[in-house]
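Chemist: All chains should be built: construct the whole structure from the sequences, respecting the hints.
There are 6 protein chains.
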Amino acid sequence: MKRAIFIGRFQPFHRGHLRVVEAIADQVDELVLGIGSAGDSHTANDPFTGGERILMITKSLTGLGVLTYAVPIEDLERNSVWVSHVESMSPRFDIAFSNNPLVVRLFEEANVPVEQVPMVDRHRYEGTEVRRRMIADDGWEELVPPAVVDVIEEIDGIERIQQVARSDESSV
Amino acid sequence: MKRAIFIGRFQPFHRGHLRVVEAIADQVDELVLGIGSAGDSHTANDPFTGGERILMITKSLTGLGVLTYAVPIEDLERNSVWVSHVESMSPRFDIAFSNNPLVVRLFEEANVPVEQVPMVDRHRYEGTEVRRRMIADDGWEELVPPAVVDVIEEIDGIERIQQVARSDESSV
Amino acid sequence: MKRAIFIGRFQPFHRGHLRVVEAIADQVDELVLGIGSAGDSHTANDPFTGGERILMITKSLTGLGVLTYAVPIEDLERNSVWVSHVESMSPRFDIAFSNNPLVVRLFEEANVPVEQVPMVDRHRYEGTEVRRRMIADDGWEELVPPAVVDVIEEIDGIERIQQVARSDESSV
Amino acid sequence: MKRAIFIGRFQPFHRGHLRVVEAIADQVDELVLGIGSAGDSHTANDPFTGGERILMITKSLTGLGVLTYAVPIEDLERNSVWVSHVESMSPRFDIAFSNNPLVVRLFEEANVPVEQVPMVDRHRYEGTEVRRRMIADDGWEELVPPAVVDVIEEIDGIERIQQVARSDESSV
Amino acid sequence: MKRAIFIGRFQPFHRGHLRVVEAIADQVDELVLGIGSAGDSHTANDPFTGGERILMITKSLTGLGVLTYAVPIEDLERNSVWVSHVESMSPRFDIAFSNNPLVVRLFEEANVPVEQVPMVDRHRYEGTEVRRRMIADDGWEELVPPAVVDVIEEIDGIERIQQVARSDESSV
Amino acid sequence: MKRAIFIGRFQPFHRGHLRVVEAIADQVDELVLGIGSAGDSHTANDPFTGGERILMITKSLTGLGVLTYAVPIEDLERNSVWVSHVESMSPRFDIAFSNNPLVVRLFEEANVPVEQVPMVDRHRYEGTEVRRRMIADDGWEELVPPAVVDVIEEIDGIERIQQVARSDESSV
Chain F
1 MKRAIFIGRF
11 QPFHRGHLRV
21 VEAIADQVDE
31 LVLGIGSAGD
41 SHTANDPFTG
51 GERILMITKS
61 LTGLGVLTYA
71 VPIEDLERNS
81 VWVSHVESMS
91 PRFDIAFSNN
101 PLVVRLFEEA
111 NVPVEQVPMV
121 DRHRYEGTEV
131 RRRMIADDGW
141 EELVPPAVVD
151 VIEEIDGIER
161 IQQVARSDES
171 SV
Chain G
1 MKRAIFIGRF
11 QPFHRGHLRV
21 VEAIADQVDE
31 LVLGIGSAGD
41 SHTANDPFTG
51 GERILMITKS
61 LTGLGVLTYA
71 VPIEDLERNS
81 VWVSHVESMS
91 PRFDIAFSNN
101 PLVVRLFEEA
111 NVPVEQVPMV
121 DRHRYEGTEV
131 RRRMIADDGW
141 EELVPPAVVD
151 VIEEIDGIER
161 IQQVARSDES
171 SV
Chain A
1 MKRAIFIGRF
11 QPFHRGHLRV
21 VEAIADQVDE
31 LVLGIGSAGD
41 SHTANDPFTG
51 GERILMITKS
61 LTGLGVLTYA
71 VPIEDLERNS
81 VWVSHVESMS
91 PRFDIAFSNN
101 PLVVRLFEEA
111 NVPVEQVPMV
121 DRHRYEGTEV
131 RRRMIADDGW
141 EELVPPAVVD
151 VIEEIDGIER
161 IQQVARSDES
171 SV
Chain S
1 MKRAIFIGRF
11 QPFHRGHLRV
21 VEAIADQVDE
31 LVLGIGSAGD
41 SHTANDPFTG
51 GERILMITKS
61 LTGLGVLTYA
71 VPIEDLERNS
81 VWVSHVESMS
91 PRFDIAFSNN
101 PLVVRLFEEA
111 NVPVEQVPMV
121 DRHRYEGTEV
131 RRRMIADDGW
141 EELVPPAVVD
151 VIEEIDGIER
161 IQQVARSDES
171 SV
Chain R
1 MKRAIFIGRF
11 QPFHRGHLRV
21 VEAIADQVDE
31 LVLGIGSAGD
41 SHTANDPFTG
51 GERILMITKS
61 LTGLGVLTYA
71 VPIEDLERNS
81 VWVSHVESMS
91 PRFDIAFSNN
101 PLVVRLFEEA
111 NVPVEQVPMV
121 DRHRYEGTEV
131 RRRMIADDGW
141 EELVPPAVVD
151 VIEEIDGIER
161 IQQVARSDES
171 SV
Chain L
1 MKRAIFIGRF
11 QPFHRGHLRV
21 VEAIADQVDE
31 LVLGIGSAGD
41 SHTANDPFTG
51 GERILMITKS
61 LTGLGVLTYA
71 VPIEDLERNS
81 VWVSHVESMS
91 PRFDIAFSNN
101 PLVVRLFEEA
111 NVPVEQVPMV
121 DRHRYEGTEV
131 RRRMIADDGW
141 EELVPPAVVD
151 VIEEIDGIER
161 IQQVARSDES
171 SV
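Here the protein sequences come in this chain order: F, G, A, S, R and L. Just so we're aligned, residue 1 is where the first sequence starts under the numbering used here, counting upward by one. Just so we're aligned, residue 1 is where the second sequence starts under the numbering used here, counting upward by one. Just so we're aligned, residue 1 is where the third sequence starts under the numbering used here, counting upward by one. Just so we're aligned, residue 1 is where the fourth sequence starts under the numbering used here, counting upward by one. Just so we're aligned, residue 1 is where the fifth sequence starts under the numbering used here, counting upward by one. Just so we're aligned, residue 1 is where the sixth sequence starts under the numbering used here, counting upward by one.
These aren't lab readings, by the way, just hints derived from the structure by calculation. All values derive from a computational prediction rather than experimental measurement. Treat the hints with caution; some may be incorrect.
Which copy is meant is left open, because identical chains are indistinguishable; a pair holds if it fits in one copy or across any two.
Below, a list of computed lysine to aspartate or glutamate pairs in the EDC-like style, where the Cα atoms sit at most 16 Å apart [as the list claims (entries may be wrong)]: (1) Lys59 <-> Glu153; (2) Lys59 <-> Asp29; (3) Lys2 <-> Glu154; (4) Lys59 <-> Asp26.
Modeler: In structure tokens form, the structure reads like this:
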């Protein structure tokens, strides 16, 4: 039994993430999706709560064929203990996937096997593009799975990101 | 679509919890299991990590018939903001279940519908009894679902709780 | 111009506190009431929020004749920085009043003038007695100023303390 | 009895804030001034402590005619629980006033009535202008109430903001 | 080059600790003394600050013959990340020494070599006995190295522990 | 007996720091090196852990002739209590040295004697230059003491800073 973890902020979970998940799913029996900065929400860069992102991920992966876990990871603001924190909040995993050089480095120093995910650049910038389109009301729906559209509509997410993007400062 | 949350520490997830989950599952479409004090572990009273409890719950509920979410909830040490914290980390829910009078009170003051779970006393004390039997090596397996036995064996959980129970103080 | 600070948890503000405030008010021009453990609430020992205690104090002292400030002080869990924390959250003060030996010690080590308040023992134990009577529904009203009775009734405070006192553990 | 809360950082409390307070005071019986980021101080953007800002506000509003409360609100760094945090630290309020889109959004999502304050743009930028003039020693006194001038002189505030503004980084 | 870490609270550093250090020093080239709960102070159980304990240790070990490091370790309140936290605050070490079963377990699970220190029971209870004698003014000096007597006298430590021991609650 | 504290981030400890230490050492009997932001690591601006910096400092100062203490100071994110925090984590000191205007101001307001260190500008910018050269692999070794070269090579520090510098965001 081989279990992997894929770490991201998933703000929101989009088609680039879905392609990565599908690629990893071919290689493992179970997959944890570690939702980074789970406590952040209501800003232009981090609009959705940890719970909303759990919903997006779970609903988008119902037909995937491997068992998945959507696990919120709150920030500890300490890079040096971050791997231990992830390991304590997640079911034990055999390998980690990420494209963030810092995340890769931290897993390497902790002797956890870690791999780059495929389709780096597309994945890397799609989150920013999805949020830009949400704020501009400019065709964001095609960049995310249908289940994510449903979640965002249910929580009135577009109005939220547009409103907080007008804020001088994104934290009260 | 009706979604409920059932809050507990699940140290470990035992047959009493399972009966409660099955009773709630008859009344709702989806069920969130909110894992309280998710950051606590390695003490006689809180032996297992948040990730280990996610595993116990998910593996025990595979055949349940309703969609479940196992969501770790880290302590904020502030009762007055606890309901908001749970709401931000969980998929939106319509009703909460708990037997902890404090939890019931906090949801009531926040105008969240909340109900006592059935079989109060059995549920209430079973966690303590399971941990006592684990420390004494005295037939704990019959009190938990088979999947939980597997998880605890995989993580060497009995040796862990026995060792930390010998500690003068349960936190370093 | 002489300004004093009087530190307490004020759970709730009672007639013993009021007598201390009146005694201090004769000696100073302005008085800060520092509300300790301001973030704690909804337990048998700390039933009321910081905001509810601000209300109790302000309403009880309207006719006092000296300018008062009710200032919530959240716990920092670090005795060694506690005086600096109080100084940063309060208007500057010339003298502190307390009967808690730890508080007296901390101010002394920081070279802040500090005095015992009069009527030590009565003051010291009245908070516990008020809460005991609230839980037992046994004549608590005579121990607090009339304005505090009003606040507690408005917030449904008796039902709250009775309910959380039934909780196995006082923090979720 | 109608009580409002007006949220700001009040770095420092200036004439724009005073005009807003006077406008709100006509509509309510009591007014809470929630002092945001109360724990921040000694930076060019947040020069004054929570206690110093309590003093500025209280001294500036002595003749206002409605009962006011100056309540420090420490940052929790979690937008999703911020409304609960404010509610726990403040006397209960019926309506909130703010011009910060994020604050407005958070209150709306929590079903708390919230209104924009009048004179948005003037209010919005006056804090920055007051601090710029303080650093440049360029006629800041006319932008704040006389009581605020007194407080800033008493605490040697101009020298402080000028000195910390020379710092490479505003936090140690 | 072999470097060890010896973890304790050192409240205060006493002759039992010294004997352990001398025993370990025979086996290694360098020794880190990790000062646990470094942020706790001014209570009957944790009377001395992290800095005061650094002084006690450094002054007591000047003639030891191996290079020592006295490193304060603040509590993180998370057992599952505690080993990573220690590793990040300490020079890299090859082996850990402790008699606390929890500490031993945490290092074992993190695959760090860990050994029990010799003279377990004497070491274990001497800290409590030293503090009892300090509070009772009953011959504590013979239980600690001479340099520790000097430090405690310089900081007026006996008066401090006696005063805070009279406090109803040991944290403000 | 006169003891000083010199505060810096020491990312890494370089020859500019060493010159300052040597200049201070002529004026005092003992010297504390307070390692600021001790919990930060694995970013381009703060590459090394607190423990690694303790090692760099201790190894570089073995022949200094005055007793030195390398003390990690974790961030508290509260300027107003920062001096108390430093005082609690460090052996008592008579004077502080720093070139950071904020640090100087905070010590001054706390009535702690504080002095600018000599060679301000060279010291100030050398940290940035050392890190730039590390990332560019461009002769960084000549800017740090030989013991620091050894530490950085032992921990594979150049590969670390180069890898995390490629990260989109420096905190996970």
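Chemist: A separate judgement is required for each hint: does it hold in the structure or not?
Modeler: Verification of the hints:
| no. | hint | verdict |
| --- | --- | --- |
| 1 | Lys59 <-> Glu153 | within (14 Å within a copy, 31 Å between copies) |
| 2 | Lys59 <-> Asp29 | between (19 Å within a copy, 14 Å between copies) |
| 3 | Lys2 <-> Glu154 | between (35 Å within a copy, 14 Å between copies) |
| 4 | Lys59 <-> Asp26 | neither (19 Å within a copy, 21 Å between copies) |
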